[in-house]
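*Asks:* One letter stands for each residue in the lines below.
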Amino acid sequence: DQQVKQNSPSLSVQEGRISILNCDYTNSMFDYFLWYKKYPAEGPTFLISISSIKDKNEDGRFTVFLNKSAKHLSLHIVPSQPGDSAVYFCAASGHGSARQLTFGSGTQLTVLP
Amino acid sequence: ETGVTQSPTHLIKTRGQQVTLRCSSQSGHNTVSWYQQALGQGPQFIFQYYREEENGRGNFPPRFSGLQFPNYSSELNVNALELDDSALYLCASSLALEGETQYFGPGTRLLVL
Numbered sequence: 247d248q249q250v251k252q253n254s255p256s257l258s259v260q261e262g263r264i265s266i267l268n269c270d271y272t273n274s275m276f277d278y279f280l281w282y283k284k285y286p287a288e289g290p291t292f293l294i295s296i297s298s299i300k301d302k303n304e305d306g307r308f309t310v311f312l313n314k315s316a317k318h319l320s321l322h323i324v325p326s327q328p329g330d331s332a333v334y335f336c337a338a339s340g341h342g343s344a345r346q347l348t349f350g351s352g353t354q355l356t357v358l359p
Numbered sequence: 150e151t152g153v154t155q156s157p158t159h160l161i162k163t164r165g166q167q168v169t170l171r172c173s174s175q176s177g178h179n180t181v182s183w184y185q186q187a188l189g190q191g192p193q194f195i196f197q198y199y200r201e202e203e204n205g206r207g208n209f210p211p212r213f214s215g216l217q218f219p220n221y222s223s224e225l226n227v228n229a230l231e232l233d234d235s236a237l238y239l240c241a242s243s244l245a246l247e248g249e250t251q252y253f254g255p256g257t258r259l260l261v262l
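Protein chains in written order, with the working numbering: chain A, 247 to 359; chain S, 150 to 262.
Hint data in this document are derived by calculation from the structure and do not stem from the laboratory. Keep in mind the model is a prediction, meaning the values are calculated, not measured. Any given hint might turn out to be false.
[Claimed, not checked] Taking beta-carbon pairs under 10 Å as the criterion, some of the chain A residues facing chain S (in silico): (1) I264; (2) S297; (3) D301; (4) D305; (5) G306; (6) A337.
Don't be surprised by glycine CBs; every beta carbon is placed ideally from N, CA and C.
Build out the structure end to end from the sequences listed, making use of the hints.
*Replies:* Written out as structure tokens, the structure reads:
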């Protein structure tokens, strides 16, 4: 039972354009959401997060949108750069002492020069 | 500020053997979580340690065990290795009671033959 889903395994975008990565979740107890970027042979790198009390969080070129009623979040990268090419993971955590992260299966983003 | 480090980077074992993986948390962080990432999937939560005690556990059998030391570093031990244990093992550190963002190390690639 996948509680966090990234339905697009891959996405290709032209340099300078917007990249939109999507994520859906099923567990209504999730209240904190994160995006990580992962290059081959490296661990995931934290990008941006959002609490369920907000619907938008922005950090430079990265913006995360949260739609709680639809249980959907998205990551927007504007403008996209070739160095953004990586696997992007959506993760969620909920109430509980461990605050464990539940990850989606990832989306491979390729930014074409 | 020192990031999360893990050792070794790669490891080859045979079925039935035991393995110990090590993690040093980011300076100032007191909580360590371990994740298993199989090929083509997102990381899966194994367990978390806080104040040298297990603070939550995912759906992994008891042959996966861990330790946390007074300096907040941690070990993951896996007994009776199985072929399906071949994966990237990721350690993440965070500061309890200050949000849910976890910062990952580069991982240990384990191959079980």
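*Asks:* The structure should be examined with respect to each hint, and the outcome stated for every one.
*Replies:* Here is what the structure says about each hint:
At its closest, the beta carbon of I264 (chain A) sits 24 Å from a beta carbon of chain S; the interface hint therefore is violated under the 10 Å criterion. Here the hint on S297 (chain A) is kept, as its CB sits about 9 Å from the closest CB of chain S, short of 10 Å. Annotation: interface hint on D301 (chain A) violated; nearest CB of chain S at approximately 18 Å, more than 10 Å. Proximity of D305 (chain A) to chain S is violated relative to the hint, the smallest CB-CB distance being about 12 Å (cut-off 10 Å).
Because the closest C-beta pair between G306 (chain A) and chain S is about 17 Å apart, greater than 10 Å, the hint is violated. About 8 Å separates the beta-carbon of A337 (chain A) from the nearest beta-carbon of chain S, less than 10 Å, and the hint is met.
In this structure, the hints that do not hold are numbers 1, 3, 4, 5, in rising order.
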